[in-house]
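From just these sequences and the hints, can you work out the full model?
If you want the building blocks of each chain, they are given just below.
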Amino acid sequence: MSDVAISVENISKRYLIGDTSSGSIREALAGFFSNRGSQKTEEFWALKDISFEVKRGEAIGIIGKNGAGKSTLLKVLSRITEPTTGRIAIDGRVSSLLEVGTGFHPELTGRENVFLNGTILGMSRTEVKAKFDEIVDFSGVEKFLDTPVKRYSSGMKVRLAFAVAAHLEPEILIIDEVLAVGDAEFQKKCLGKMEDVTGEGRTVLFVSHNMAAVKALCSRAILIKQGQVVTAGEIESVIASYLRSDNSKAAHTTSGLYDLRKREKTDSKVGHLIVEELRLLNSEGKITDTFLMGEQLKLIISMAGFSSFKGANVGVIFKTLSDQWITSFTTKMKPLITDETRDFHEDITLTIPRLPFTAGEAFIDISISQPGVGRLDHVERAARIRIEGNDVYESGTLVDRYFGLVYIDGEWGVERTYSVQ
Amino acid sequence: MPKTIIDANKSILSLDLKELFQYKDLFYTLSYRDFRVRYAQTFLGFFWAFIQPFMTLVVFALVFSRGLQLDTGDVPYVLFASCGLAAWTYFSTVMSQAGISIVGAQEMVQKVYFPRLVIPLSKAMVGLIDFGIALLVILGVMIFYRFPPSPNIIFFPIFVGLAIVASLGVGVWLSALTIRFRDLHNIVPFLVRFGMFLTPVAYPSSLLLDRIPEWALIVYYLNPIAGIIDGFRWSILGTAPPNTMAYISFGVVILLFISSLFYFKKVERTIADIV
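Keeping their order, the protein sequence lines are chains A and B.
Throughout the first sequence, residue numbering follows our numbering, covering -11 to 409 in sequence.
Throughout the second sequence, residue numbering follows our numbering, covering 2 to 276 in sequence.
Don't take each hint at face value.
To be clear about the criterion: a stretch of chain B counts as covered by chain A if any three or more of its residues have a C-beta under 8 Å from a C-beta of chain A, and this derived list gives those stretches [what the hints assert, rightly or not]:
{"id": "1", "stretch": "27 to 37"}
{"id": "2", "stretch": "107 to 116"}
{"id": "3", "stretch": "227 to 239"}
Some residues of chain A that are not near chain B, with every Cβ distance over 12 Å (derived) [as the list claims (entries may be wrong)]:
{"id": "4", "residue": "1"}
{"id": "5", "residue": "65"}
{"id": "6", "residue": "85"}
{"id": "7", "residue": "317"}
{"id": "8", "residue": "349"}
{"id": "9", "residue": "392"}
{"id": "10", "residue": "407"}
Derived pair list, reagent style DMTMM-like, types lysine to aspartate or glutamate, alpha-carbon separation capped at 25 Å [as the list claims (entries may be wrong)]:
{"id": "11", "chain 1": "B", "residue 1": "4", "chain 2": "A", "residue 2": "115"}
{"id": "12", "chain 1": "B", "residue 1": "267", "chain 2": "A", "residue 2": "30"}
{"id": "13", "chain 1": "B", "residue 1": "19", "chain 2": "A", "residue 2": "353"}
{"id": "14", "chain 1": "A", "residue 1": "274", "chain 2": "A", "residue 2": "335"}
{"id": "15", "chain 1": "B", "residue 1": "4", "chain 2": "A", "residue 2": "159"}
{"id": "16", "chain 1": "B", "residue 1": "4", "chain 2": "A", "residue 2": "70"}
{"id": "17", "chain 1": "A", "residue 1": "43", "chain 2": "A", "residue 2": "157"}
{"id": "18", "chain 1": "A", "residue 1": "298", "chain 2": "A", "residue 2": "368"}
{"id": "19", "chain 1": "A", "residue 1": "117", "chain 2": "B", "residue 2": "8"}
{"id": "20", "chain 1": "A", "residue 1": "117", "chain 2": "A", "residue 2": "87"}
{"id": "21", "chain 1": "A", "residue 1": "117", "chain 2": "B", "residue 2": "269"}
{"id": "22", "chain 1": "A", "residue 1": "213", "chain 2": "B", "residue 2": "26"}
{"id": "23", "chain 1": "A", "residue 1": "298", "chain 2": "A", "residue 2": "349"}
{"id": "24", "chain 1": "B", "residue 1": "4", "chain 2": "B", "residue 2": "26"}
{"id": "25", "chain 1": "A", "residue 1": "36", "chain 2": "B", "residue 2": "269"}
{"id": "26", "chain 1": "A", "residue 1": "322", "chain 2": "A", "residue 2": "335"}
{"id": "27", "chain 1": "A", "residue 1": "307", "chain 2": "A", "residue 2": "353"}
{"id": "28", "chain 1": "B", "residue 1": "25", "chain 2": "A", "residue 2": "95"}
{"id": "29", "chain 1": "A", "residue 1": "298", "chain 2": "A", "residue 2": "311"}
{"id": "30", "chain 1": "B", "residue 1": "266", "chain 2": "B", "residue 2": "8"}
{"id": "31", "chain 1": "B", "residue 1": "267", "chain 2": "A", "residue 2": "31"}
{"id": "32", "chain 1": "A", "residue 1": "117", "chain 2": "A", "residue 2": "157"}
{"id": "33", "chain 1": "B", "residue 1": "4", "chain 2": "A", "residue 2": "-3"}
{"id": "34", "chain 1": "B", "residue 1": "267", "chain 2": "A", "residue 2": "70"}
{"id": "35", "chain 1": "B", "residue 1": "25", "chain 2": "A", "residue 2": "70"}
{"id": "36", "chain 1": "B", "residue 1": "4", "chain 2": "A", "residue 2": "87"}
{"id": "37", "chain 1": "A", "residue 1": "138", "chain 2": "B", "residue 2": "35"}
{"id": "38", "chain 1": "B", "residue 1": "25", "chain 2": "A", "residue 2": "368"}
{"id": "39", "chain 1": "A", "residue 1": "213", "chain 2": "B", "residue 2": "35"}
{"id": "40", "chain 1": "B", "residue 1": "4", "chain 2": "A", "residue 2": "188"}
In case anyone wonders, no lab produced these hints; they're calculated from the structure.
For each residue, glycine too, the CB sits at the ideal point set by N, CA and C.
Shown next, in the form of structure tokens:
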């Protein structure tokens, strides 16, 4: 037995855009009888010449942006669709989870659906029977086992579905972003279960947008872009290059770069706008609106004639999407030494060395005021940023919004133990 | 340890029946699901399985026996027609349900791998429940008329087997074709409605034997279920054995079934992309 569990050789998958093959008989006949090139189909290569190997017991993450071909690759690996060219050898029993609750029928009871879903996923009835109690226990819906699933809440349905999936015991597990379902508490439970799975020496292929989850589960990753492998290797470096590639795109679409001159006039006392532009930079100095928890965030605020206002303060406010203040910064904390040459345009910067926000999104407001005069300029929702969850305590636990809006450093310890005697 | 090879250039000539057999539990669960769903929340439940054939029998008796004075020899007309109806109902139900089964299961097909053939094949089971009820009706009618079964009854299981194979042969073909040609959604109900009159359901096939030319008779027996219905009547009621033409029908059944498996296998690889 070799130590390679999955070996993928030169896999390509072509789709024909505007394919008429799922059409009607009339179209098929028309196509058959006429030779005028009516087949205006365009080729699209969803995957191009992908090759990689996964060793036995290894957990590997597949990352890439939407439309990069991750899902197609999973579909090919799970035999849902066939590759156009290439060859894959999989050594071991495979289960793939591209969705939880496939085949669930609303008219059937929870119990019946467990059997239905289990057998669809490739378990035998005996296997389902053997694990039935465990599955029910994990799902926490034992009271409603004999109720038709159509009467379940969507959360209950997901729990039951995931419980079945979590009890598959394949040697190789292929998982799509199924974690994006359910409430936060249940997501944790699932992530924990998956870590158990990887801990048991199972081979896992995991696709996700959640970098923290990928990092927590996988030791290696493959980055896919436009159907091709960009990099493959150790997890940290692949994630880093993913974030970099994300940023290079951001620069084109100006996310992370906000031109604030074109906004409507605000309630400024001086009658003209001061804040002209806002740029957000990550630790690598790239302009972006997406940051990893604990990463450096640098704001560059370009202003017109700021220093001409004696003693003026700049305020930066971070808010949740529901306008709840998370925290704010003001130059009152540390007055800026402004240039007396009164350049008309100047940049002031705010650097947050370790962004302490948990995963989610936030708005940034910018406010300029002068003592005795009042508000000079105020930009509400100047930027909207995304914070990616991260294992900031390096404990294998994903710290996300479930833990609150911010995280702060803290140290656990045991000072004294009492023996029970 | 099982080894899976996914190769873009693999031969389509292997049916991989071994793998199909490994998924037999899925076959049972899917059949059970269809059965449960069919009678879920119906007030009369199983009773529906009696009512439909019963009403059809009443109409047949009025039109063919009373109205057209159709002669069915020693066999009471209702008994004669019920044998034909049982076979036809099974055939048409399984064929049409298997036909739309893949399109109906597209969500499943796009998310999980399993031999897709399980889906249409599983439709043969649900039909058997209604078929069993139809046989009970026939038994009731036989008791009513004090009509003893023919000794040929020992051959009856063979014809039941042929009926299953015939329904699946057509059903699997339809399911594979429906993926590409949704037109079949409209054509199949039409075929079922008219097919009943092109099949010896309400009248004996002997009626046609000396009335239509031989070529027409050959065309008539290209109908896969025609010969089987003759066989049903011969084995249960002891009427005339299936004529030589009926063997055309049996041949068609076997041919359809085997070819359907290969055609399905060919289409299977692209199902998720085009369904």
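Hints, one by one, checked against the model:
1. Counting residues of the stretch 27 to 37 of chain B whose CB falls under 8 Å from any CB of chain A gives 7; the rule of at least 3 is met.
2. With a cut-off of 8 Å between beta carbons, the stretch 107 to 116 of chain B has 8 residues touching chain A; three or more are needed, and the interface restraint holds.
3. With 0 residues carrying a beta carbon less than 8 Å from a beta carbon of chain A, the stretch 227 to 239 of chain B misses the three-residue requirement, and the given coverage is violated.
4. The Cβ of residue 1 of chain A sits about 9 Å from the closest Cβ of chain B, inside the 12 Å cut-off, so the non-interface label is violated.
5. The Cβ of residue 65 of chain A sits about 8 Å from the closest Cβ of chain B, inside the 12 Å cut-off, so the non-interface label is violated.
6. Residue 85 of chain A, annotated as away from the interface, has a beta carbon of chain B within 12 Å; the closest lies near 9 Å.
7. In this structure residue 317 of chain A is separated from chain B by more than 12 Å, as the shortest Cβ-Cβ distance comes to about 47 Å.
8. Once the 12 Å rule is applied to beta carbons, residue 349 of chain A is consistent with being away from chain B; the minimum gap is 30 Å.
9. No beta-carbon of chain B comes within 12 Å of the beta-carbon of residue 392 of chain A; the shortest separation is about 35 Å.
10. No Cβ of chain B comes within 12 Å of the Cβ of residue 407 of chain A; the nearest lies about 49 Å off, and the non-interface call holds.
11. This hinted pair checks out: residue 4 of chain B and residue 115 of chain A have alpha carbons roughly 21 Å apart, not beyond 25 Å.
12. Proposed proximity of residue 267 of chain B and residue 30 of chain A is supported: the alpha carbons are some 23 Å apart, at most 25 Å.
13. At most 25 Å may separate the alpha-carbon atoms for a hinted pair to count; residue 19 of chain B and residue 353 of chain A exceed this at roughly 65 Å.
14. Proposed proximity of residue 274 of chain A and residue 335 of chain A is supported: the alpha carbons are some 17 Å apart, at most 25 Å.
15. For the hint pairing residue 4 of chain B with residue 159 of chain A, the CA-to-CA distance comes to about 11 Å; that is within 25 Å, so the pair holds.
16. This hinted pair checks out: residue 4 of chain B and residue 70 of chain A have alpha carbons roughly 17 Å apart, not beyond 25 Å.
17. Taken as a hint, the residue 43 of chain A and residue 157 of chain A pair is honoured in the structure, with Cα atoms around 18 Å apart against an allowance of 25 Å.
18. With a CA separation close to 23 Å, the supplied pair residue 298 of chain A and residue 368 of chain A stays within the 25 Å bound.
19. As the CA atoms of residue 117 of chain A and residue 8 of chain B are separated by approximately 35 Å, the hinted pair breaks the 25 Å bound.
20. For a cut-off of 25 Å, the pair hint linking residue 117 of chain A to residue 87 of chain A stands: about 22 Å separates their Cα positions.
21. Between the alpha carbons of residue 117 of chain A and residue 269 of chain B the distance comes to roughly 31 Å, so the proposed pair goes past 25 Å and is violated.
22. Restraint check: the Cα-Cα separation between residue 213 of chain A and residue 26 of chain B comes to about 40 Å, which exceeds 25 Å; the hinted pair is violated.
23. As the CA atoms of residue 298 of chain A and residue 349 of chain A are separated by approximately 35 Å, the hinted pair breaks the 25 Å bound.
24. Our distance criterion of 25 Å between C-alpha atoms is met by residue 4 of chain B and residue 26 of chain B, whose separation comes to about 21 Å.
25. Of the supplied pair hints, the one linking residue 36 of chain A and residue 269 of chain B holds, its CA atoms being roughly 23 Å apart against a limit of 25 Å.
26. A threshold of 25 Å between alpha carbons decides the hint, and for residue 322 of chain A with residue 335 of chain A the separation of about 16 Å falls inside it, so the pair holds.
27. A distance of roughly 8 Å separates the Cα atoms of residue 307 of chain A and residue 353 of chain A; the hinted pair therefore holds under the 25 Å criterion.
28. Our distance criterion of 25 Å between C-alpha atoms is met by residue 25 of chain B and residue 95 of chain A, whose separation comes to about 23 Å.
29. Taking the CA atoms of residue 298 of chain A and residue 311 of chain A, the gap is near 30 Å; set against the 25 Å cutoff, the hint is violated.
30. This hinted pair checks out: residue 266 of chain B and residue 8 of chain B have alpha carbons roughly 15 Å apart, not beyond 25 Å.
31. Taking the CA atoms of residue 267 of chain B and residue 31 of chain A, the gap is near 22 Å; set against the 25 Å cutoff, the hint holds.
32. Proposed proximity of residue 117 of chain A and residue 157 of chain A is supported: the alpha carbons are some 14 Å apart, at most 25 Å.
33. Restraint check for residue 4 of chain B and residue -3 of chain A: the C-alpha separation of about 16 Å stays at or below 25 Å, so the hint holds.
34. Our distance criterion of 25 Å between C-alpha atoms is met by residue 267 of chain B and residue 70 of chain A, whose separation comes to about 12 Å.
35. Simply put, residue 25 of chain B and residue 70 of chain A have alpha-carbon atoms about 23 Å apart, close enough for the 25 Å limit, and the pair holds.
36. The suggested pairing of residue 4 of chain B with residue 87 of chain A holds, with an alpha-carbon distance near 24 Å, which does not exceed 25 Å.
37. Taking the CA atoms of residue 138 of chain A and residue 35 of chain B, the gap is near 16 Å; set against the 25 Å cutoff, the hint holds.
38. At most 25 Å may separate the alpha-carbon atoms for a hinted pair to count; residue 25 of chain B and residue 368 of chain A exceed this at roughly 62 Å.
39. Straight-line distance between C-alpha atoms of residue 213 of chain A and residue 35 of chain B comes to about 42 Å, which puts the hinted pair past the 25 Å bound.
40. Proposed proximity of residue 4 of chain B and residue 188 of chain A is supported: the alpha carbons are some 21 Å apart, at most 25 Å.
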